[in-house]
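1 is the number of the first residue of the sequence shown in UniProt numbering; add one for each residue after it.
These are calculated hints, taken from the structure and not from any lab test.
Do not rely on the hints blindly, as some may be mistaken.
Quick list of in silico lysine-lysine cross-link-like pairs, BS3-like style, CA-CA up to 30 Å [stated by the list, open to error]:
1. Lys166 / Lys25
2. Lys250 / Lys163
3. Lys51 / Lys25
Simulated restraints, written as ranges between beta carbons of each label pair [unchecked claim]:
4. Leu100 / Ser246: 57 to 63 Å
5. Ala99 / Asp34: 34 to 40 Å
6. Thr214 / Asp119: 17 to 23 Å
Glycine included, each C-beta is placed from N, C-alpha and C at the ideal position.
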Amino acid sequence: MPNTTLNLDHFNFLELLQLLAAGGKTGVLSVTRDAETFECALEGGRVRELKMGARRGNLALAALLADPRGQFHFDEGRRAAAPTLDASMDEVALEALAALPEQPLPFDGPGKLAAERLDQMSWTVAERRILERIEAQQPLAEVARDPEARRLISRLDRLGLLKPRKSRTARLTVTLAQGVRGVVVVDSAIVRRWAGDLGRPPTQLAVRDEAGQTYTFELRVAPDLGHQLQVATELLMRTGLRAGTSVLVKPL
1 MPNTTLNLDH FNFLELLQLL AAGGKTGVLS VTRDAETFEC ALEGGRVREL KMGARRGNLA
61 LAALLADPRG QFHFDEGRRA AAPTLDASMD EVALEALAAL PEQPLPFDGP GKLAAERLDQ
121 MSWTVAERRI LERIEAQQPL AEVARDPEAR RLISRLDRLG LLKPRKSRTA RLTVTLAQGV
181 RGVVVVDSAI VRRWAGDLGR PPTQLAVRDE AGQTYTFELR VAPDLGHQLQ VATELLMRTG
241 LRAGTSVLVK PL
């Protein structure tokens with residue numbers, strides 16, 4: 001990127017900033033559009049100056065994020081003449097995003113936070129409570145009922161600090177269930193892991209057989225089953241699943 005001028009239309013500007021910061025770069029990223037030039041000065045990956053026309057600090061970054069366009073280049077090795085900041089890119093970007101409209105909720109289920117990056121940032125007491133609710137795997141739709149939480153979620157999502165927590169798919173072997181009707185039975189240890197992923201105990205399973213056919217069953221739990229998927233007799237007869245075959249199962 002040094003000494004090369006590129007069009008910002010083909011880049012995600014936040015990701016570009018994060019890439020430079022994560023690489024520990026020292027230099028100035030300049031974006032020229034119309035009659036204004038935005039500059040972000042970095043030293044060792046930390047933000048030392050932000051300016052755009054008469055705007056300084058987070059106001060300058062917010063102005064560019066609100067309308068991310070122009071020609072940009074990175075002058076590696078160049079330093080701010082009079083640095084006014086000493087902050088991480090995540091911190092300044094999070095504050096700048098607060099000035100922009102919030103985005104739609106990215107997903108409804110439990111989320112997973114980028115803990116290592118979050119630990120390097122400063123948070124208010126209210127923000128910490130919101131992060132704790134997300135970390136406790138409360139569904140995002142529930143957390144976002146609080147307007148303040150919804151705004152924070154929008155910023156976390158744009159910075160890549162929040163991703164959906166995906167439940168694990170397991171490969172199990174079909175066996176015949178004894179003493180149950182209309183359900184499938186899975187090992188309790190597997191179900192506990194699924195509950196941790198989902199933020200709640202699963203009540204149903206999606207089962208995909210070798211032919212690609214998918215079935216949905218009510219779920220029951222039992223200890224010490226290992227990698228068995230125990231299937232009630234009438235379900236085996238109805239679906240064509242065969243004992244001894246391998247299937248993919250996913251909690252619902």
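Comparing the hints with the structure gives:
1. Lys166 / Lys25: At roughly 33 Å apart (the allowed maximum being 30 Å), Lys25 and Lys166 break the hint.
2. Lys250 / Lys163: Holds, because 19 Å separates the two Cα atoms, which is no more than 30 Å.
3. Lys51 / Lys25: 18 Å, holds
4. Leu100 / Ser246: 57 to 63 Å: 49 Å, violated
5. Ala99 / Asp34: 34 to 40 Å: 20 Å, violated
6. Thr214 / Asp119: 17 to 23 Å: With a Cβ separation near 40 Å, Thr214 and Asp119 fall outside 17 to 23 Å, so the hint is violated.
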